[in-house]
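S.K.: With the hints as constraints, model all of the structure from the sequences given.
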Amino acid sequence: MLSISPTYLLYYVPLLVAISLVYGATRHEDMRLVLRHAVYTAYWITAFMGVIFVVIWLMGLFV
Amino acid sequence: MPTKIPMAAKNESLIEVDDRLIDLRNRPLAAFLAWLIPGAGHFYQRRHAKGTMYLVCILSLWIIGFSIGGFHVVYASRFPGDHRWHYYLQAGAGLVALPALIQTRHINKYTSLQSGVTSGDYEPLWWGFMSPPHRPVAEEKTDEVSAWYARHGAGYEMGTWYTMIAGLLNILVIYDAYAGPLGIPISGRKRPEDAAESVEKSKA
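So the sequence lines, in the order shown, correspond to chains A and B. Residues 1346 to 1408 in our numbering are what the first sequence spells out, letter by letter. Residues 211 to 414 in our numbering are what the second sequence spells out, letter by letter.
Derived by calculation from the structure, the hints in this document are not laboratory data. No incorrect hints appear here.
Now the stretches of chain B that chain A is said to cover, found in silico as 3 or more residues with beta-carbon under 8 Å:
hint, region
1, 226–233
2, 253–260
3, 267–273
4, 373–386
So the derived list for chain A, only partly shown, Cβ under 7 Å to chain B, looks like this:
hint, residue
5, P1359
6, A1370
7, T1371
Positions of the beta carbon are idealized from the N, C-alpha and C atoms, including for glycine.
M.R.: See the structure below:
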């Protein structure tokens, strides 16, 4: 299904962690709220990327 | 329960966020320090936890990107065929990107403006750390940039992205040091009880 090695997906992990934490920290001062916001952001980024992946995958199947 | 009164008014260094009173101190200085070293502005403001988080996240991203790109992804160049626009974003990370400017200044002394060719006696400073490629660089020919691509493959692309994103994230950090946390929560809807609490606080 993937035309690249799945290990390339590991590039995603540091980006996701750093972006989510920094983004959460720019919204709150309380570290618990920062972490909660970071988890929420990570969830949304992953979901968004997942949707894009499915759309492109379907396009690859049918087009 | 998060409280949302985060935006600092002009000339006001005290703000309240999440039921905490924060002294932003000298805000332009904090912003400058935040640009210079990610998190340094927050340390200056005694926001140590956030400063540490920013420092670790942004510098880790930068170092990972710089190393998987073979230590060649950060350089400054405005020469024809090699306008390195990525550097504008990478420079957001501050001091860590500045050696590239010194290297560019150095190589320019050895590069002819007419022919655009770097002379043979050019030696980059610091073993080539953040030095631009030998000129000329042209897309249709084999040159030093294409050799870097060939050697590091996807790592060169990803390294470039990592360092650019680190620079962009630091712009958010600079804003946070200057004005405190952003006011509008993008994720997480504001619940009615939070909104009511904010209104009560602002009335008081």
